[in-house]
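Peer 1: Taken in order, these protein sequences are the chains called D and W.
This note's numbering puts the first residue of the first sequence at 329, with every later residue one more than the last.
This note's numbering puts the first residue of the second sequence at 163, with every later residue one more than the last.
Any given hint might turn out to be false.
[To be verified] So the derived label-pair ranges between C-beta atoms look like this:
# : chain 1 : residue 1 : chain 2 : residue 2 : range
1 : W       : D331      : D       : S437      : 38 to 46 Å
2 : W       : G501      : D       : S605      : 56 to 64 Å
3 : D       : D599      : W       : Y261      : 50 to 58 Å
Since the hints were derived computationally from the structure, they do not count as laboratory data.
All values reported here derive from a predicted model rather than from experimental measurement.
The beta-carbon is built from N, C-alpha and C at its ideal position, and this holds for glycine as well.
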Amino acid sequence: MKKLTNYLILSAVSLIMISCSKNDNNPVANNISLHFNNTFKNNTIVLGGAESTDATVTTSEKDQAHHLSELKYVVSNIRLVKTDGTEIPYNVNDLDKGATVVNQSKQASLDYVLTNIPVGEYRQLKFGLGVKQEINTLDQVRFPLFYAAAGANDTDMMWQWATGYRFTKIEGFYGGENNAFQVHTGSTLNGEGGKPETYTQGVDAYRDITLDLTTTAVVGSNTPKITIKADFDKLLSGKTKVILTSKNATTPSLHSSMAAMEVFVNNIGGDGKEDKSGMFSVERVENN
Amino acid sequence: MKKVICVLSVLLIVLSCSKRDINESIKEDNPEISLEIPAEFSALNGSVVQNRPTKYGVELGEKLFNEKRFSGNNTISCASCHNPSLAFSDGKQQAVGIYGRVGLRNTPAIQNMAFMKFYNWDGNILQLEKQPLVPIITHEEMNSSILEVIGKIAVDTDYKKLFQKAFGDASITADRIYRSIAQYEYTLISANSKYDRVKRNEGERFTAEEERGYTTFKSKCASCHSTALFTDQSFRNVGFPLNPNSEEVGRGRVTGRIEDQMAFRVPSLRNAMYTAPYGSFGQFPTLRSVLDYFDKGVLAAENLDPILKENGNRIPLSEQEQQDIIAFIETLSDPTFIGR
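Same shape as in the complex, but just chain D (with noise of 0.2 Å):
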């Protein structure tokens, strides 16, 4: 009867086991993390004032040397497509669960885990530069947390005037004098979110950005780690090359319009059509 018992235990011990180890190797859902690296071509940026030492500096394809002071970026709209296929939406629709805002001078920034990503292997990686004009709307009852984090007074990445949020805010300084620079990028359209049709006037600063992944990532047991560079190289030398002078400078400003933004929102995040990546590229994939 003792030894009955003692299978018993024995067995039962060993199920539990079992089933614990199971739940380890084969979850349903794990994390992917996102890694911005922001570079000048290859060099990642170290920022810096007017006189800084430090600062990464770059020479554009005009003969231009700049370097930047402030990098900001928000990214959203975070899809990841399965090798047959299947589009895995991450909190699309919800700026608190799914998006954020990049910031070079806070490391912090620079990673963002995708939480519960479904088992699987992935191929390609899709986000938003900026934010999709549907919900693009300084809406602080429906996303209270970006709300706060985008509109913190040393993030201040929202353009109140136009009741939506700053996509880009880059500045630094250009040329032999150390001259100041500052871009910043957002939509203006007006009109019902998601239908261009409907979309009487405005700007549409928001980028769809599609990268094929390097490797495969698998999210089983494992957490990959997705590094991905943007090189703000192709800011002032991407599909138009552009100089800095007083007059553009300041972007949007007096002299520079939204036009001007337009190339400088092309140049970093693709015109949307041909152009699906603009400076974006995924440098590496970890399977850990």
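Use these hints to put chain W onto chain D, whose structure you have.
Peer 2: Positioned in the frame of chain D, the structure of chain W alone reads:
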């Protein structure tokens, strides 16, 4: 079983009846306000139909319009800049908001909004319901947030009662705040000036000076200040002195078009005698200084309005013509609207 069905259906009927009663009673207690639409005015903005002013919607909107708790430190209401005794403008060059912060532009008058297709100097807002959020969150205006505003007024029982009367229940939402303020503004119609009474043949006549002014106005001003609203609702670069603030782009900021650089909405001239100073950042202290500027010549620009370009960048106006035009513009004053 039969009994149960019977009871259920009776219950259903009772429920549906009471529901209908509630709806009807809301409509009876809170009737729509019929807007008196002046005969010559352009069509209503499509949003008005979606948000018809009601008795209590307007009452609530007016109370909110005067609510200083909209600002971060409870000092600035909509009416602080949109002063009813100045046709809802403020008499200042540029708007002054919380902590004395100076805004980018001149406070525009609020009148006949239900008939406008564009709002603000650059026309970035197309529906009045979307406007109130802008000053609430703007650093130089109220420097607050909509949740902060809701939090402050939600403790006020007067508001609870008014939201109940206006919308059928007491919940205070962002959307209801925006809608009621817009409803109030839709009722701010000015169409009882001397000009209107002359046009309506109500027995009044223009003086000789006003008549001459009207004639000159029609030939030299009315291609832009057209229709009974005295604006064609277009955006034009008329070569006015430039705002020194480098962020000023005019309508170019909204549309991204080079042609819209430093173009601004043609303002209505109704009640212009009450809305000095003039221009997008109050460049001109008097109407006389505006006319004088047009006569002497405006700033050149690639996208300068073609009418000005064709006329050597100016609108020639003799001393007499200027006096006459101002006499005519005075007939657009509507004392019954002022101080409402």
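Peer 1: Hints first: check each against the structure and report whether it holds.
Peer 2: So, going through the hints one by one against the coordinates:
1. Roughly 41 Å separates the CB atoms of D331 of chain W and S437 of chain D, a value that falls within the hinted 38 to 46 Å.
2. Distance hint check: the CB atoms of G501 of chain W and S605 of chain D are about 60 Å apart, consistent with the given range 56 to 64 Å.
3. Against the hinted window of 50 to 58 Å, the Cβ-Cβ separation of D599 of chain D and Y261 of chain W comes to about 43 Å, which falls outside the hint.
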